[in-house]
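Sequences listed follow chains A and B, in order. Per the working numbering, the first sequence runs over residues 1 to 278. Per the working numbering, the second sequence runs over residues 1 to 95.
Rather than coming from a laboratory, the hints here were simulated on the basis of the structure. All residues carry an ideal CB built from backbone N, CA and C; glycine is no exception. Among the hints, erroneous ones may be present.
Sample of chain A residues facing chain B (criterion: CB under 7 Å; computed from the structure) [to be verified]:
#1 G143
#2 V215
#3 G219
#4 E222
#5 V224
#6 A225
#7 A228
#8 A239
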Amino acid sequence: MPPIRVNVVLAELTFPIRVEGDSSLAAWVRETYPISRDGRGAAPVHVSWNPGRGILRHDGRLIKRARSREELLQFVEWHLAGEAIRRWRPRAFLLHGAWIARGRDGVLLAGAHGFGKTTLAVAMALRHRWRLLGDDVVIVKPGGTVRPLDRPVRLKPGIASALPEVRRLPVGFGPWKAGWPLLVPLRAFRRSSGPAPRPRAIVILGPSGPSEPIVRRLGEGEAVARLARFVMNFRDRPAEALERLASLARRASVFHLEGGSLARRCAAVETFVSGRAS
Amino acid sequence: MAVSEGNRPRGREDLLYQEVTDGGVLFDPDGEKVYVLNASAAFVWNCCDGAHSSEEMLDELAASLGPGAPDRTTLRADIDKAIEHFRRNGLLADA
Chain A
1 MPPIRVNVVL
11 AELTFPIRVE
21 GDSSLAAWVR
31 ETYPISRDGR
41 GAAPVHVSWN
51 PGRGILRHDG
61 RLIKRARSRE
71 ELLQFVEWHL
81 AGEAIRRWRP
91 RAFLLHGAWI
101 ARGRDGVLLA
111 GAHGFGKTTL
121 AVAMALRHRW
131 RLLGDDVVIV
141 KPGGTVRPLD
151 RPVRLKPGIA
161 SALPEVRRLP
171 VGFGPWKAGW
181 PLLVPLRAFR
191 RSSGPAPRPR
201 AIVILGPSGP
211 SEPIVRRLGE
221 GEAVARLARF
231 VMNFRDRPAE
241 ALERLASLAR
251 RASVFHLEGG
261 SLARRCAAVE
271 TFVSGRAS
Chain B
1 MAVSEGNRPR
11 GREDLLYQEV
21 TDGGVLFDPD
31 GEKVYVLNAS
41 AAFVWNCCDG
51 AHSSEEMLDE
61 LAASLGPGAP
71 DRTTLRADID
81 KAIEHFRRNG
91 LLADA
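Next comes chain B alone, as it looks inside the complex (with noise of 0.2 Å):
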């Protein structure tokens, strides 16, 4: 399912997120589960603050990665990929 553009989506505030070099970890108390992302991953969860939309953290993304960065549908698929990836594990807030 793509993410709609008009989507902000925003992490569940009692999950706790630690930042490593090549990515980061996310922890849920709720089901002692530990989940690792990866890097672009580790940028879409920081990006999930309600404040962003998809566009946007792929504005964002693209200019962090530099002129190195993938072409715009590749980073597109990637954030869906992500975000996909956070409802299904039920770490977003309920909108």
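So that you can see chain A by itself, here it is in the shape it has in the complex (with noise of 0.2 Å):
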């Protein structure tokens, strides 16, 4: 198979592929990730399958070098995600989160790994039809605008007993079997393009529990303290972190959301874009 390549675009930004040996994988690309059509330049980004061998490089620079076609899938999306992240760092901050919207009004949602991000959000879009923007990282750039990392949503198998509804999804199901997270392209949740949502509300996320949701509105000072632990690139830029933060804290109601099965955490955020939330 000759070489072939393709465009990616992520969070505005393009990565020129050149994937060779297994056409399926140029077509993986195509479906998981917005293409552009320009085909001029080099494509520092190079994806080869031999059977039982992938190799991914940069540059020409080995990154990876993977046994299984499952395998070198994940190594290119998190190679993409990190390069991604790597070139917004030093203009903007990236913040561990999800972000929907219903209509112009988004909700951010953040915490610690193993709350309930990416299933909260999946939740959202497949049984009260929100857009699911972005999943794991929203770029916060300058002037407060939130923008998503256009990454694929990475769902583990567990999620099919909280969320039987993912099953539905049409992707092939064979990185679950494979022992791999489904890479499910973010256009898979969104039923139209919409309005860029602004941030309505931004929740942090404590455990989910059988018990009753415990909702709790932060102040300005609380929100910011908390926000900080969740901005990847807080280091660099200390100072101007704080301050868009505050700015994002004072735009957005913020809420600490602990416990509630997910039924009720979905009714909450319901309740935060309302203006029902106290």
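Bring the two chains, given one by one in their own frames, into a single complex with the hints.
The following block contains the structure:
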């Protein structure tokens, strides 16, 4: 198979990729990411697959070797996200969180690993028809605009017990059988392009549980202090990060949500944009 | 410990302070800790410039709060508490 060039667009950045050895790899890239048509210039990212051996290179440098096709796809996704983060890092703040919206009302879901950001974001999309715009990392640009990193949503098999609807997503479930997360393109969750949302609420998630969810609205100072923990590049420019977080916390209501089943948590998120939350 | 009248506390210069509508946020890059200050603690922090005594802070705080201000004993206790909090957490420059 001759090399295929694909231009992946990730968070306003273009990553030309040269794919060799397996046309299904190029198809996967096209299905997983937004693509730009421009076909000129060098393609620094090189992905090749020969049965039993996958190689990912960047500017000729070996990044990863993979023993299976699934493993290679995971490495490609990981590498592209890492490159996008590296390039955004000097000019924006990167917050661990998911970004969902209904109409122009955006809700940012932040929280420590394992507290259900992805599950809640996907549930809002599949059960409540919200748009899932980004999972894992959001970019807080100068001026306070929020935009997602656009990487695919990584779903681990455990999500299916809390949210069986994921089994109806239009993706192959091979990765789960091979022990890898599913990489679901964001467009699988976007019912329409819709207007660019503004941050209306920020929800800091605590652990879920069978109890009634406990919702507490945070003052601006506490909101800034808590959100600082989720800024990936806070240490790079802490004064600017504090200022940006204060600006964000002034424009959006910040809540702490702890406990509650998935259904209760979804209902709570609805109240954050309806103005019924106290 | 009450703050003596002659003491003029000064905040560490390497700390980062961000004003927010309900007070302030202090970031200590040494311990990478973030402190949330309520409105009166934020006021006191802004007075920890090495020039204000606690008595002067008290006068300024009372003036800024206007006629609805709590009595001076309450305000003095708030100021002492805030300074003690700063001192205990190593946020003040050594005298």
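Each hint tested on the structure:
no., hint, in the structure
1, G143, "violated, 17 Å"
2, V215, "violated, 19 Å"
3, G219, "holds, 4 Å"
4, E222, "holds, 5 Å"
5, V224, "holds, 5 Å"
6, A225, "holds, 4 Å"
7, A228, "holds, 5 Å"
8, A239, "holds, 5 Å"
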